Amino acid sequence: MSVIQSTAYDAPGASGSPVALRERYDNFIGGEWIPPTTGEYRGNVTPSTGEVFCEVAHSGAQDIELALDAAHAAKEEWGQRSPAERAAVLNAVADAIDENAEMLAVAESYENGKPVRETLAADIPLAADHFRYFAGAVRADEGRISEIDDQTYAYHFQEPLGVVGQIIPFNFPLLMAAWKIAPALAAGNCTVLKPASPTPWSILKLAEVIGGIVPPGVLNIVNGSGAEIGKALASNKRIAKVSFTGETVTGRLIMSYAAQNLIPSTTELGGKSPNIFFEDVMAADDAFLDKAIEGLVLYAFNKGEVCTCPSRALIHESIYDEFMERCLERIAAIKQGDPLDRETMIGPQVSAAQLEKIESYVKIGRDEGAEVLIGGERPGLNERLAGGYYFEPTVLKGHNKMRVFQEEIFGPVLAVTTFKDEAEALEIANDTLYGLGAGVWTRDGSRAFRMGRAIKAGRVWTNCFHQYPAHAAFGGYKSSGVGRENHRMMLEHYSQTKCLLVSYDPNPMGFF
Amino acid sequence: MDPPAHAAQPTEAAVAATPAAIEMIHRLETAHGPLTFFQSGGCCDGTSPICLKAGELPAGPHDVRLGDIGGAPFYIDSDQYERWGTPRFLIDVLSGAAEGFSLEGLEGVHFVSRTP
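Quick note, the sequences are listed as chains P and G, same order. Under the working numbering, the first residue of the first sequence is numbered 1, with each subsequent residue one higher. Under the working numbering, the first residue of the second sequence is numbered 1, with each subsequent residue one higher.
Hints listed in this document are in silico derivations from the structure and should not be mistaken for laboratory results. Quantities reported herein were computed from a predicted structural model and do not represent experimental measurements. You may find that some hints are simply not true.
Looking from chain G toward chain P, a few residues come up when the C-beta cut is under 7 Å (computed) [stated by the list, open to error]: (1) Ala-14; (2) Gly-41; (3) Cys-43; (4) Thr-47; (5) Leu-90; (6) Gly-96; (7) Glu-99.
Backbone N, C-alpha and C fix where the C-beta goes; we use that ideal spot for every residue, glycine too.
Generate the whole structure from the sequences, applying the supplied hints.
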């Protein structure tokens, strides 16, 4: 008799789970767990079943002030630590993440709904790597010296901004936190972080792991509603920079708060990324074709809740039928279900609201004449998951003027169309308000380069997609936001330039 | 502010709200004072109508005022309006707190934009 091994992790709090669970979670301020001044908590839901599994602080503006007090108390000492000392802290954070990778992966999957095979293989290792990257980058960073003339020199130093406010999205609760925290801390800043309302808890599990490594007050986490504490943080006179990932109206709001306070901001506001497949991808039935098919199906990665989701596939008309057939086979093989099951390939959407929005977009697509090639419904899953927010991987065939080609759905919904030549592919690719990501698939290197340079987007993946290394700049053209994340250039974005202009000439200028 | 001449002009009654949404707007107005709506786009909770205190985000020269709901003006970016095919909007309210900065999140609900 064979023993059937379960491929699923037990839910957090269960005896076999790697994740310990308390009933209630406070804010992380000044290195301590501080109850919200409001005394209020909100139930936190797992999208896998729709059930509340813990309570998290529902803070007020006063809690943001407490976090800012702690951050300001810590900023001088942290900002004056040597790059080597700051790097040592970031490296220790990375090591702690690695040591707790399974626990963090399960926690994040349970809260967000992304399959645990993604968090184990991507989110958590990448989060650790971003801390390591910026630890290395800050040690290798150096200022510049300009020789004005042989007796006058401009010495340029990067100095910390002080205390920054960072608002992270729900789609990669830990990786997006790492993207924001690592460069800010490396550059010598302290931060007050507001997690997304649907995912307030997994970042607190991270704080449990790294809270004793980062000096008190350098990292502070406050949970609550955007309308209350998001605004209190972003509009606060005591932050020196604000960083935000989310939708366009709040992006404008963040930039207007920054303008009112005369501070810099970084906004990342989403996209409608084209993924372009030229006819030569089918020139051979080989590993590259297999990779290209996967490249199309990556729209279902993280259930499509990715700012750079390759949500518009543009396929050369001569290969459309055959290529799409291969892709639809691959999509039909996607296993949907419990995000804690290692075999699950797509889990639930993060919230009921997101699920409702995705359903309404599929209806809009149908109403405007798009053809549903696969999916389009909520799946029938077993009783335990019946209350979860699942949606089938879906493909809609239509044309680029349709609304489902123009607006970000933030779900596993691909809009597909054809093009006749390179010029038309480029025209369709750029016919969008957004410009965050794009993909180009071809065996012709010259064409890949031409297309990559001509597409109006901040990141053009060429013969790949959805790779997010720390050493590659990420950010939007057009309405996809202002500023960049990742890459060592972030050390400049999280610092200000001090110029010491020094004269070694003993003689006066002669004016007076 | 008036939209620029090139922007698509809304037809009459380009935006309306369900009775439940209007009731929520009145409740928010009592709590926070006059309100303004902006139709959002982009990632995360993009596509949501964002309800703000009037003046929190000044309407810009490229925002089109589609009409008023519950006494509050409703704006959309003119490019976004055109790319969405200049639809009519019906604003509704559903349970579950808004995920972003929209005020109704404080009441544990979220507005949605339907385009019937």
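Structure-based check of each hint:
1. With a cut of 7 Å, the hint placing Ala-14 of chain G at the interface with chain P is violated, because the nearest CB-to-CB distance is about 16 Å.
2. The beta carbon of Gly-41 of chain G comes within 5 Å of a beta carbon in chain P, closer than 7 Å, and the hint placing it at the interface holds.
3. Using the Cβ-Cβ criterion of 7 Å, the hint placing Cys-43 of chain G at the interface with chain P is satisfied: the shortest such distance is roughly 3 Å.
4. Given the 7 Å rule on beta carbons, the hint for Thr-47 of chain G holds: about 6 Å separates it from the nearest Cβ of chain P.
5. For Leu-90 of chain G, the interface hint is violated, the least distance from its beta-carbon to any beta-carbon of chain P being 11 Å, above 7 Å.
6. With its C-beta approaching chain P no nearer than about 5 Å, Gly-96 of chain G sits inside the 7 Å limit, and its interface hint holds.
7. Using the Cβ-Cβ criterion of 7 Å, the hint placing Glu-99 of chain G at the interface with chain P is satisfied: the shortest such distance is roughly 5 Å.
The structure is inconsistent with the numbered hints 1 and 5, although it conforms to all the rest.
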